[in-house]
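Trainee: Residue numbers (the working numbering), protein chains in the order written: chain A, 1 to 530; chain B, 531 to 897.
It should be emphasised that the hints constitute simulated quantities derived from the structure, not laboratory data. Ideal Cβ positions, reconstructed from N, Cα and C, are used throughout, including at glycine. Worth double-checking, as some hints may not be accurate.
[Unchecked claim] To be clear about the criterion: a stretch of chain A counts as covered by chain B if any three or more of its residues have a C-beta under 8 Å from a C-beta of chain B, and this derived list gives those stretches: (1) 61-69; (2) 297-305; (3) 513-525.
[Claimed, not checked] Facing chain A, according to a computed beta carbon distance under 8 Å, are these residues of chain B, among others: (4) Leu562; (5) Ala619; (6) Arg738; (7) Ala742; (8) Gln743; (9) Leu784; (10) Thr787; (11) Ala797; (12) Glu821; (13) Ile846; (14) Thr854; (15) Met872; (16) Met873; (17) Gly877; (18) Arg883; (19) Ala887.
[Said to hold, decoys possible] Have a look at the derived ranges for each label pair, beta carbon to beta carbon: (20) Tyr446/A with Gly877/B: 51 to 61 Å; (21) His306/A with Glu694/B: 36 to 46 Å; (22) Ser791/B with Gln115/A: 41 to 51 Å; (23) Ser85/A with Met669/B: 43 to 53 Å; (24) Val581/B with Thr149/A: 31 to 41 Å; (25) Asp864/B with Gly226/A: 48 to 58 Å; (26) Arg92/A with Glu694/B: 49 to 59 Å; (27) Ala691/B with Lys287/A: 36 to 46 Å; (28) Glu694/B with Lys287/A: 51 to 61 Å; (29) Ala105/A with Arg723/B: 45 to 55 Å; (30) Asn441/A with Arg723/B: 37 to 47 Å; (31) Lys719/B with Arg92/A: 56 to 66 Å; (32) Ser85/A with Ser564/B: 53 to 63 Å; (33) Asp847/B with Gly119/A: 44 to 54 Å.
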Amino acid sequence: MTEVLTQATAQEAEPNPLLEGLRLTRMPAPCAVVIFGASGDLTQRKLIPALYALAAEGALPPGVTIVGAARTPMSDEQFRAAMRSAIEQHSRVPLREDVWEGFAAGLFYAHFDLQPDDGLDLLKSRLDESDRTRGTAGNRIFYFSVPPTGVLPLADKLLHAGLCQQGPDNFRRVVIEKPFGRDLESARELNRSLHEDFSEDQIYRIDHYLGKESVQNLLVFRFANGIFEPLWNRQYIDHVQITVAESLGVENRGAYYEEAGALRDIVQNHIMQLMAILGMEPPSNFKAETVRDEKVKLLRAVRPIHPDDALSHTVRGQYAAGWVEGDHVRGYREEPGVKPTSLRETFVAMKLDIDNWRWAGTPFYLRTGKRLAKRATEIVIQFRRVPHSPFGGHVATPMGVLPPDAIDPNLLVLRIQPDEGITLRFIAKVPGQAMRIRSVNMDFLYGSSFLKESPDAYERLLLDCMLGDATLFARADEVEQAWRICTAILDGWRTHPPGPDSFPNYEAGAWGPEEARAFIGRDGREWHRP
Amino acid sequence: MAPAVSVTSAPSPLRYRHASGLHAVTGALHQLHSELLRSSGDDRSQVRTSVMNLVAACTDRSRGDGAAADLLRIGMRHPARAIVIVANAEHEPQLEADLSLQCGLDDNQVCTELVRLDVQGEPAYHLTSIVAPLLIPDMPVYLWVVGAPPLRQPFTDEVIALVERIILDSGEYADVADTLELISSQLEKRAGRLPLADIAWQRTQPWRQLIAQVFDPWAARPWLRHISNVSIRCAGRDTTSDAWLLGGWMGSRLGWTRDGSPQISVAGDGDPHPPKGSPDIDVLGRLTEVEIHARQGADIAHVLLQRRGDSIHTSIDIPPAMSTARSVALPLRDEADLLSSMMAEGGDDPVYRAAVASAASLAATRG
């Protein structure tokens with residue numbers, strides 16, 4: 001009789017000896033990936049190109065099956081043709097006929113509607129067939145690329161169809177896109193409802209920022225270099241700036257943005273995650289729960305902004321028409337789907353204090369905005385100035401004699417995107433007889449230092465999900481802690497709404513409203529120009 | 531003796547000098563940098579930075595040309611001092627050097643120094659004594675053994691103490707069995723202290739990856755213990771080092787003994803392999819097919835991997851529920867990419883050590 005292992009016995013009793021020493025030591029089990037909302041933009045721009053790139057590079061096991069599910073009636077062949085076109089347009093890895101042939105053989109479509117009377121029979125039969133012929137063994141990933149209002153009905157539908165229950169020999173996981181609620185209360189409610197259908201270890205809340213190589217490099221930079229961690233605290237760091245700047249406007253997402261705004265769209269997820277990774281204590285290992293525990297501890301230590309202080313601790317802005325990257329662009333209120341009198345913020349800057357031993361007294365300045373001067377995400381660590389200048393008043397710069405206390409502070413700039421890399425600014429003497437000094441930069445560029453092309457964030461995250469590695473996904477309590485911070489601000493803003501004439505308050509192509517410069521200037525600091 | 535100097539007149543990213551004798555080389559390098567600085571009229575834009583020493587050694591001038599081009603490509607990303615030695619012991623003792631400086635064209639110029647040494651006569655047996663004084667101190671040294679020169683010098687204690695990594699291609703050597711045996715014995719003798727990287731082993735990586743993946747699903751893994759036949763084919767009449775290494779890898783990882791192991795057939799496909807048209811490294815290799823049969827009672831599993839152009843097609847038929855086929859692209863990279871990736875990897879590789887021992891044994895008994 002043919003010997004067959006179960007998931008549990010294989011992992012415990014029989015490791016694969018052929019994997020040792022190979023580049024891809026983490027090999028997921030064959031599984032079926034079901035993408036709900038498969039006719040949508042995300043599927044075509046990101047998900048399918050990412051899965052194809054993984055397949056082309058041999059990172060997926062043979063037998064991986066992808067089932068697209070959406071309301072649009074479509075045959076398998078039509079779905080394959082649409083996905084082929086998506087790969088041709090958006091994939092990092094060029095489409096090759098031979099690779100496509102095998103990939104397409106595992107690509108199926110199942111018509112699906114969220115209407116209560118519409119069952120999942122077709123989908124189930126597709127999945128059963130995949131188990132029989134492609135060795136997927138009951139392993140399923142359900143990717144919810146659906147609007148926020150569709151998440152819970154879809155989860156319930158899967159539950160009632162018996163598709164949520166994982167056994168000892170297979171896994172069932174769901175991937176959920178942001179937004180995870182729109183405030184603390186709704187986030188708690190969403191988590192509670194999801195936990196009725198799935199256990200927490202089955203839920204993968206995806207924030208694509210965490211899949212970026214440069215974000216993962218933050219962890220390596222902090223915890224694999226002995227020289228920086230001793231300086232990583234209030235003793236040596238004056239303040240931290242996190243900037244997520246976009247040159248794009250709201251594009252065709254005006255209606256969504258009217259509901260969300262910059263705080264919900266960017267700060268609650270991307271910026272909070274960056275702050276948590278940057279500020280957390282060293283984890284004892286890189287297991288998912290350990291890393292996420294440390295991130296949650298950091299978020300818990302963030303002092304909430306009292307609603308009464310919301311105006312003094314934050315700046316809101318909205319863009320007017322202006323020039324961005326050589327193009328004249330319209331203002332937010334002229335965007336499709338946006339009310340002409342909208343008071344929704346497209347820019348936010350804030351100052352957060354972290355009440356713990358490491359960061360007490362070192363503020364974190366955060367800002368994000370649309371239609372800013374350029375697209376850039378970066379973290380700036382500004383170190384404290386030298387306590388005393390031995391050069392007295394004798395140091396000259398091209399601008400003249402430097403006051404003793406005005407030597408520029410050291411900066412460490414961690415660029416997340418674009419031009420991923422790290423710059424360390426320090427002071428050096430200009431060669432010559434005179435004591436002239438100036439800032440010089442040491443640059444590390446990701447693109448030119450490693451020959452290997454960085455994978456797209458979705459490639460990394462989809463592979464991690466198949467492997468059951470949730471380190472780079474947000475846990476329920478992380479999401480709630482981030483909402484705790486943001487909801488306090490939202491409450492304050494609700495109490496103190498902007499006057500009808502206060503928006504727009506910055507021109508597209510600027511670095512936000514003038515108040516943002518004054519805001520950080522009050523503390524004797526200034527924003528770093530990305 | 532003062533070096534014979536010839537410097538290009540116009541400012542250019544490429545600058546040359548020629549030097550006769552070892553002592554002249556370092557001075558000539560320094561002069562090159564000074565000229566570059568003066569010609570720019572800016573004391574800020576040129577930064578002399580190097581992060582490694584790259585040394586390529588060969589016996590053939592045309593291979594030396596190819597190696598120099600590869601090292602310069604690596605140097606564009608990892609500024610380095612690159613030393614290419616063409617050694618030939620058969621002539622009168624002589625040492626000639628050509629030096630050049632290859633710089634980037636943007637504002638943040640960084641330069642790679644290329645030193646080409648033509649070493650003839652008795653000094654060709656003592657290359658370490660020539661190279662050591664030319665190395666930038668405190669920078670890692672990577673030695674690339676280009677082509678198939680005798681392996682006597684690279685495996686000496688003084689070389690091993692000097693270098694971070696020795697990169698060679700066991701597939702370049704005509705007598706594969708002897709070469710694998712020599713490498714295996716050196717690895718064993720030095721017990722993990724020989725930092726060797728074999729390009730032939732690197733070429734087998736996609737094949738190893740795909741075979742490992744086939745048997746990774748839980749349902750497929752028990753079949754590893756029931757493999758009955760393995761057939762490995764390569765292009766050409768002779769069996770390549772890559773093919774022996776792949777067979778050796780399977781044998782060593784799966785604990786096959788010479789007597790009780792499955793039947794392994796490793797062979798060329800019989801067609802004369804076209805001679806290499808260029809002195810470049812063979813990046814993709816000549817492996818063409820791997821076929822694996824396994825048997826459990828009446829059930830038979832069959833796995834076939836075939837090279838199709840620059841991809842590998844895999845068809846899998848493993849009872850009870852795996853019947854799939856797919857193609858995976860071989861990594862498209864040039865020689866410089868391949869060398870860079872091999873430099874980036876760590877030192878001792880116990881998987882390679884076991885595979886080469888097993889391959890040497892296979893090649894000796896079945897080659």
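Trainee: None of the hints should be skipped; say for each whether it holds.
Mentor: Verification of the supplied hints:
Coverage of the segment 61-69 of chain A by chain B holds in this model, with 3 residues showing a Cβ closer than 8 Å to a Cβ of that chain against a need of three. Counting residues of the segment 297-305 of chain A whose CB lies closer than 8 Å to any CB of chain B gives 0, which falls below the minimum of 3, so the coverage claim is violated. Given a C-beta distance limit of less than 8 Å, the hint that chain B covers the segment 513-525 of chain A is violated, as 0 residues qualify and 3 are needed. A cut of 8 Å between beta carbons decides the hint on Leu562/B: the least distance to chain A is about 19 Å, and the hint is violated.
The interface hint given for Ala619/B is broken, as the beta carbon of that residue sits about 36 Å from the closest beta carbon of chain A, more than 8 Å. Interface restraint check: Arg738/B against chain A, minimum CB-CB distance 6 Å, threshold 8 Å, status holds. Checking Ala742/B against chain A by beta carbon gives a least distance of about 4 Å; that is within 8 Å, so the hint holds. The interface hint given for Gln743/B holds, since its Cβ lies 5 Å from the closest Cβ of chain A, which is under the 8 Å cut-off.
Using the Cβ-Cβ criterion of 8 Å, the hint placing Leu784/B at the interface with chain A is satisfied: the shortest such distance is roughly 6 Å. For Thr787/B, the interface hint is violated, since its Cβ never comes within 8 Å of a Cβ in chain A; the closest pair sits about 15 Å apart. Taken as an interface hint, Ala797/B does not check out: its beta carbon lies about 22 Å from the nearest beta carbon of chain A, beyond 8 Å. With its C-beta approaching chain A no nearer than about 16 Å, Glu821/B sits outside the 8 Å limit, and its interface hint is violated.
Checking Ile846/B against chain A: minimum C-beta separation of about 5 Å stays under 8 Å; hint holds. The interface hint given for Thr854/B holds, since its Cβ lies 5 Å from the closest Cβ of chain A, which is under the 8 Å cut-off. Annotation: interface hint on Met872/B violated; nearest CB of chain A at approximately 11 Å, more than 8 Å. Because the closest C-beta pair between Met873/B and chain A is about 10 Å apart, greater than 8 Å, the hint is violated.
The closest approach between the C-beta of Gly877/B and any C-beta of chain A is roughly 13 Å, which is over the 8 Å cut-off, so the hint fails. Nearest Cβ of chain A to the Cβ of Arg883/B: about 10 Å, over the 8 Å cut. The hint is violated. Interface hint at Ala887/B: violated, since its Cβ lies 15 Å from the closest Cβ of chain A, which is beyond the 8 Å cut-off. At roughly 25 Å, the beta-carbon separation of Tyr446/A and Gly877/B lies outside the given 51 to 61 Å, and the hint is violated.
For His306/A and Glu694/B, the Cβ-Cβ distance of about 57 Å falls outside the hinted range of 36 to 46 Å, so the restraint is violated. For the hinted restraint 41 to 51 Å between Ser791/B and Gln115/A, the CB-CB distance of approximately 60 Å leaves it violated. Checking the proposed 43 to 53 Å range against Ser85/A and Met669/B shows it holds: the Cβ atoms sit about 49 Å from each other. The given range of 31 to 41 Å is broken by Val581/B and Thr149/A, whose C-beta atoms sit roughly 54 Å from each other.
Look at Asp864/B against Gly226/A: about 36 Å separates their beta carbons, and that is not inside 48 to 58 Å. Distance hint check: the CB atoms of Arg92/A and Glu694/B are about 32 Å apart, inconsistent with the given range 49 to 59 Å. At about 39 Å, the CB distance of Ala691/B to Lys287/A agrees with the hint of 36 to 46 Å. For the pair Glu694/B and Lys287/A, the supplied restraint of 51 to 61 Å is violated, since their beta-carbon distance comes to about 32 Å.
Between Ala105/A and Arg723/B the CB atoms are about 48 Å apart, so this pair conforms to the stated range of 45 to 55 Å. The hinted range of 37 to 47 Å is satisfied by Asn441/A and Arg723/B, whose Cβ atoms lie roughly 39 Å apart. Restraint check, Lys719/B to Arg92/A: a C-beta distance of roughly 45 Å breaks the suggested window 56 to 66 Å. For the hinted restraint 53 to 63 Å between Ser85/A and Ser564/B, the CB-CB distance of approximately 57 Å keeps it satisfied.
Against the hinted window of 44 to 54 Å, the Cβ-Cβ separation of Asp847/B and Gly119/A comes to about 34 Å, which falls outside the hint.
The earlier numbered hints that this structure contradicts are 2, 3, 4, 5, 10, 11, 12, 15, 16, 17, 18, 19, 20, 21, 22, 24, 25, 26, 28, 31 and 33.
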